[in-house]
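**Q** Start from chain P and add chain Z according to the hints.
If you read the protein sequences in the order shown, they are chains P and Z. If you count the first sequence from 1, position 10 lands on 10 in this note's numbering, and the numbers rise without skipping. If you count the second sequence from 1, position 150 lands on 150 in this note's numbering, and the numbers rise without skipping.
Honestly, I wouldn't trust all of these hints.
Claimed, not checked - Stretch-level coverage of chain Z by chain P, calculated; a stretch enters the list once three of its residues show a Cβ under 8 Å from a Cβ in chain P: (1) 50-56; (2) 116-122; (3) 129-135.
None of these hints come from the bench; they were simulated from the model. Note that beta-carbon positions come from the ideal geometry of N, C-alpha and C, so glycine has one too.
The residues making up each chain are set out below.
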Amino acid sequence: MRLMYFAWLREKVGVSEEQAEPPAEAVTVGQLLDWLEGRGQGYADAFADRTIVRVAVNQEYVTLDHPVAAGDEVAFFPPVTGG
Amino acid sequence: MIRVQSEDFDLGAELAMLTRGNHGIGGLCSFVGLVRDMAGDAAISAMTLEHYPGMTERELERIEAEARARWPLDATLIIHRYGRLQPGDQIVLVAAASAHRQAAFEACHYLIDFLKTRAPFWKLEDTPDGGQWVDARASDDKAVARWVDHDNPGHEKAAE
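Only chain P is shown next, with the shape it has when bound in the complex (with noise of 0.2 Å):
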């Protein structure tokens, strides 16, 4: 799985982007946040309020009930603020 992180939600996880292999258990948006969250300090940090956290799954605007699975291109960001 490809995961994706722009904006603070990049600064505070360190990283632009990473390939992971989250858990079985982790079949939704919502679960494998819950899985990243125990990954560090700064993962937490970046979704400690999901309210502000967007999700897209292969570039789809998606909610946390959404599945994921492997070779899916999963991208965290902040809301937009284009234009």
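**A** Frame of chain P; chain Z shown alone:
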């Protein structure tokens, strides 16, 4: 057409290219967003725009397609820059051309409203206190809500 680029753009040249050869176009409306030198009380010396390559293009193409399905448009253009910009620099251009002005004005407004809430860009401002990520604005969500029919969820409001 949509473009995501670090380079600046020439507004006049872009608009001329957009309408060239189509004399059925009677109205062309454009919006250009610029880097301000102030954010609240903080002076801004520069701004860095980060984006999500791939998803950015997909979202912009989708927003453009939605506008073209909603109004009778002859041409549309979205250009959005990324990278480090200075106060006064151009950030974004949206333009819509149609036979008549109402569709051109409304589509242009729609394009920028949806771009601001959906296209995956983030702004980092250089302030005297260091880098500050720009927060999303509730007013941007309200601007988009204006286009959606709350009495009929899932359907957008008819043009007024």
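**Q** Indicate, hint by hint, whether the structure satisfies it.
**A** For each hint, the structure was consulted:
1. With 5 residues carrying a beta carbon less than 8 Å from a beta carbon of chain P, the region 50-56 of chain Z meets the three-residue requirement, and the given coverage holds.
2. Coverage of the region 116-122 of chain Z by chain P holds in this model, with 7 residues showing a Cβ closer than 8 Å to a Cβ of that chain against a need of three.
3. Interface restraint, the region 129-135 of chain Z with chain P: holds (3 residues with C-beta to C-beta distance below 8 Å; minimum three).
Every hint, counting from the list given before, is met by this structure.
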